[in-house]
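Add chains B and C to chain A, keeping to what the hints say.
If you want the building blocks of each chain, they are given just below.
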Amino acid sequence: MMDALWNLIGDDLAALQIAMPLLTATVCILVRRPMLAWGVAMFNAWGAVVNASILLHRVLTTGTISYAEGGWPVPWGIELRIDLLNALVLLVVTCICAVVLTAAPRALAAEVPEDKHYLFYAAYLLCMTGLAGMTVTGDAFNIFVFLEISSLASYALISQGPSPRALTSALQYLMMGTIGGTFILLGIGMLYMVTGTLNIVDMANQLGAVGPNRTVLVGMAFICVGAGIKLAVFPLHVWLPNAYTYAPAVVTAFLAATATKVAYYVLVRFIYSIFQVNFAFEVNRLDAVLIPVGIAAMFVGSLVAIFQDDLKRMLAYSSVAQIGYMVLGLGLANEHGLTGGLVHVFNHALMKCGLFLVLACLLVRVGSTKLAAFAGLGRRMPLTFAAFVLGGLSLIGVPMTVGFVSKWYLVLGALDAGMWPVAVLILLSSLLAVIYIWRVVEVGYFRTAADDAPEVSEAPFSMLLPTWVLIGATVVFGVWTSLSVGVASAAARMLLGGAS
Amino acid sequence: MSAASAVGLAVVWPLFAIVLIVILRKSPNLREAGTLLTGFSLFGVVAGVILPVVTAGGRPRLDVLEVLPGLSLAFEVEPLGMLFAMVASGLWIVTTFYAIGYMRGHHESNQTRFYICFAIAISGAIGVAFAANVFTLFVFYELITLSTYPLVTHAGTEKAKKAGRMYLGILMGTSIAFLLFAMVWTWLAAGTTEFTPGGILAGKVTGVELMVLLALYAFGTGKAALMPFHRWLPAAMVAPTPVSALLHAVAVVKAGVFTVLKVVVYVFGIDLLATTDASRWLTWVAAFTIIAASCVALTKDNLKARLAYSTISQLSYIVLGAALATTAGVIGGGMHIVMHAFGKITLFFCAGAIMVGAHKTEISELDGLGRRMPFTFGAFLLGSLSVIGLPPMGGSWSKWFLMLGAAEAEQWVMMLVLMASSLLSIGYLMPVVVRGFFRAAPADDHHAGEGLHEAPLLCVLPPVFTAVGGIVLFFFADDLWRLLTGMVP
Amino acid sequence: MFDWGLYNYWVVVFLMMTGLYVVVARGNLVKKIIGLNIFQVSVIMFYVSMGKVLGGTAPIEAEGFELFSNPLPHVLMLTAIVVGVATTAVALALVVRIHEAYGTIEEDEIREIEGEEHRS
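Top line first, the protein sequences correspond to chains A, B and C.
The opening residue of the first sequence carries number 1 in our numbering; numbering runs sequentially from there.
The opening residue of the second sequence carries number 1001 in our numbering; numbering runs sequentially from there.
The opening residue of the third sequence carries number 2001 in our numbering; numbering runs sequentially from there.
So here's chain A without its partners, still in its complex pose:
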């Protein structure tokens, strides 16, 4: 039976990554009961994880996978193309989607009315469709389409937060996100004008034949700005703090670990696979823009995070800083630097999602995510508190955690490029992380809960388990790095060597 199933779908796994969540979302809308809809969504999510693992394994053993949608020959038809880079990103996105979904029912109960849960799961799956589609496709315009799908679903998801500010945050994100997406569309249009194709590989080849051309340069600029808005790189990050703060905790955990990562992937794909290193960095000195922007993001994000009272907002600004690290890795354009940026996609997803799930646990039990809610947590909810401390240590970059792995490669990349001041800056910004993490640890450790605070027990198991899976993974993958670093460095070498 398994063989029959395999023969049936074995070749179409890439397409199933897009089709399954889409169909399952529809089923969720038809199924009104919340837990039933959740069950359907879980089936899809974990199936997608298995799917992504198989795809990664295939890429590692047999090389790049190319799938022609609808049988139309490449490059006229739409191609789904999975190489090491997007296999890694796909694995991250599907795993985060599944793990967060496991924690979802209890967390949602605290913020979203129960009669809306089935719609929530449907929107969640639609977002997943868009993200998976963006990751697997080998067609530039397709990236735009899936980008908009995921964005629209995420606007809807964010607006579900209990506060009315969730609505204005969602609208603000909509405005900025649409402008970003449209800029990407404009950039793609310019590239199409010059090359006559939308297929990424074909586009890269055609661009090689075209000489110095201002249209291509302007196209690159629009794409970088557009992706930058979706990526929330400083100074285009303005939508992120509000969106992350007022969205339901589950949505924040999901989006923090996926949406910006996929936007980063899009940026990497365009710069390295389409424009390629020579045009982007040597002729047009894109590194002169990306590196300062990355450093600015690192410091501004961390500094502002230190002064936040709401912990979700603090972690949101911390995310802005971490995105700065990734952009810095991109800008360094050498093997160590790009490896650092790519492995940070994996590592940061684990860290941030884990930390936001801790906040979700806090919300369910204590009812607030303000700093004061952490008072005495070391005693009241020791496992939750321990998860936060461990995730925080990873954010700081203590060795044997994933945060250290990313920092190691970024520092090496900076030193390889001969920019030792940048290396020093990377280390200094880690110290800022010590400050804002330790602020929270102190409150949890020293301050005792107010006398009138209700008795709280440990977080529910269905939420504690996914949290600890992620936080545990930050330690496991900090020690056993051969998967994450191996794939990331192989992807980096491939990207720096030429088109995929």
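The hints are simulated quantities; they were obtained by calculation from the structure and are not laboratory data.
Please read these numbers as outputs of a predicted model, since none were measured by experiment.
One should not assume that every hint holds.
With a Cα cut of at most 25 Å, we get these calculated DMTMM-like pairs of lysine to aspartate or glutamate [unchecked claim]:
(1) B:LYS1159 - A:ASP309
(2) B:LYS1026 - A:GLU455
(3) A:LYS370 - C:GLU2117
(4) B:LYS1360 - B:GLU1108
(5) A:LYS370 - C:GLU2116
(6) B:LYS1204 - A:GLU335
(7) B:LYS1159 - A:GLU442
Simulated restraints, written as ranges between beta carbons of each label pair [claimed, not checked]:
(8) C:LYS2052 - A:PHE307: 49 to 57 Å
(9) C:GLU2112 - A:ALA288: 36 to 44 Å
(10) A:THR61 - C:VAL2030: 53 to 61 Å
(11) B:ASN1110 - C:GLY2027: 54 to 62 Å
(12) B:GLU1158 - A:LYS116: 40 to 48 Å
(13) C:VAL2030 - A:GLY367: 44 to 52 Å
(14) B:SER1109 - C:ILE2113: 45 to 53 Å
(15) A:LEU30 - C:TRP2010: 44 to 52 Å
(16) A:ILE306 - C:GLY2027: 27 to 35 Å
Coverage of chain B stretches by chain A, computed from C-beta distances (three or more under 8 Å per stretch; other residues unrestricted) [to be verified]:
(17) 1146 to 1158
(18) 1180 to 1186
All C-beta atoms, glycine included, are put in the ideal place defined by N, C-alpha and C.
Positioned in the frame of chain A, the structure of chains B and C alone reads:
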């Protein structure tokens, strides 16, 4: 068992104490028995299995795993690490006895957390001692910092919180900003961070860069309390005295100066430093710290604060020994790790005993107390003699070798610095003894004339034990010397 | 016919700037959405006009039709129009809910209400 597996076992063994402590946490006596059992067995493994191999010239090695390409977690025992591990594991036992007496005498809370963090810190110290490369050392170095934070902030008061902030801020700050950078630089220059006799940087890093790299290591090791990164030590005095004893004799500060010594001998190599004169500036920084800290110690009335600044001064003896880049200098530095550990732990034990027995913390309050607490003050006298560097205390030997090292390097000023520091230490340590024995008790003292009124037994026996240990070490200095010469073949 | 030069690109630029200006400068949320629409339309115009071949017709397979304008941008823009419609729909839905929650759809008034809530 083989020496290699004993090495790995020794590093994780204290963590088994945690299991015992958690299981037995409801009954204090059994819980403490768990710690003691682990402590004795750890010392047994370290002294019984690993020491003979190392004294015979062996270097047992255990490769655990490769974390990143070129960065692996590995352990290799050499003479200096052997000594540090012996000190750490041996004094853990003594400190645990003392802590039982102190924590109960002082009715301290959160004792389970206390003993757990203690165990983790010792595990970190053993890990630092046995580290085969800079990366492994860095991992366990950070483990020590993080595990001793709850110990420093044990009291949970606002003052403890502020002290904890300074502690963590300086130690983590220096380790991330400087030490990590130094490690990356070393890795890039030499292709490895392995500790190798003779060093790994010869020909790879030269000139000013060599001095900068040394600076990054020296200041990056915040636990060595080189000025200006020394403020965490007096701030950490807010911790309970067993913690201060642990910090100032066993785990934290010795890990710091051990790191400096190890890096100087096995990453730079004393030949490289001697020929390029790259560590000359470090001798001046160390000398400044020695003198300045001693002077500040003279001004402190709080006994623990005075001892803290004395520690800062004594630690720079070891850094000076390393910076002199001579055989006698590094041997003297290594020996001083042992001698100062015993001497200083005695002094801190006494300070805690005075606090528990007589509820006094300021030196000006100690008049006449020696007659009521003769054993405590007697031990204090012996500990002071060791720190000052007078026979028949072990401290005299380490001072002798340090002076020899300064002479070998023809740095006569440093010899003067060492001698001046001895005079200063007489100045800040002897008043305690003099006041205690020779001054009359103040008129309003209730207990005057009551006869013997010592601190609890468990607070008095450990300092006496370590004081006597200092005398014993005087006679075994030769064995230490023979072991340490294995560092620089 | 005659050489129009770069006139289509000027239209695109004009529309884009108008749209962005309205998004940024107007306080009324519905007007912002209208501005966003104008901005999106400018890109649609860009694609469609880039596909035009002078003297070309729609791709009809029959006698007398030799030169075709490029139909691909038209297809792409059908998708983009749908995306635009969906975005507008979501945006308007959000505005309706904002109106329910805040009682106004003027940005400055909303900001005032949010500021008060924050202070209280």
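> Between B:LYS1159 and A:GLU442, is the straight-line Cα distance small enough, at 25 Å or below?
Replying inline: Distance of about 13 Å is within 25 Å: holds.
>> What's the verdict on B:LYS1360 and B:GLU1108, does the C-alpha distance respect the 25 Å limit or exceed it?
In response: 17 Å, holds
> Do the beta carbons of C:GLU2112 and A:ALA288 sit within 36 to 44 Å of each other?
Replying inline: Cβ of C:GLU2112 to Cβ of A:ALA288: about 42 Å, so the range 36 to 44 Å holds.
> Measuring from beta carbon to beta carbon, are C:VAL2030 and A:GLY367 in 44 to 52 Å?
Replying inline: 35 Å, violated
> Is the distance from the Cβ of B:GLU1158 to the Cβ of A:LYS116 consistent with 40 to 48 Å?
Replying inline: About 46 Å separates the Cβ atoms of B:GLU1158 and A:LYS116, which means 40 to 48 Å holds.
> At the C-beta level, are B:ASN1110 and C:GLY2027 separated by a distance inside 54 to 62 Å?
Replying inline: Given about 57 Å between the Cβ atoms, the range holds.
> Are C:LYS2052 and A:PHE307 spaced within 49 to 57 Å by their CB atoms?
Replying inline: Since C:LYS2052 and A:PHE307 have Cβ atoms about 54 Å apart, the given range 49 to 57 Å holds.
> In this structure, is the beta-carbon distance linking B:SER1109 and C:ILE2113 contained in 45 to 53 Å?
Replying inline: 48 Å, holds
> Given the hint that B:LYS1204 pairs with A:GLU335, does the C-alpha gap stay at or below 25 Å?
Replying inline: Given pair B:LYS1204, A:GLU335 holds - Cα atoms ~23 Å apart, limit 25 Å.
> Are there three or more residues in the stretch 1180 to 1186 of chain B whose C-beta lies within less than 8 Å of some C-beta in chain A?
Replying inline: Contact hint for the stretch 1180 to 1186 of chain B vs chain A: holds, 4 residues under 8 Å.
> Does A:GLU455 lie within 25 Å of B:LYS1026 when you go C-alpha to C-alpha?
Replying inline: 23 Å, holds
>> Does C:GLU2116 sit within 25 Å of A:LYS370, going by the straight-line distance between their CA atoms?
In response: Holds, because 18 Å separates the two Cα atoms, which is no more than 25 Å.
Checked against the numbered hints listed earlier, the structure breaks hint 13 alone; every other hint is satisfied.
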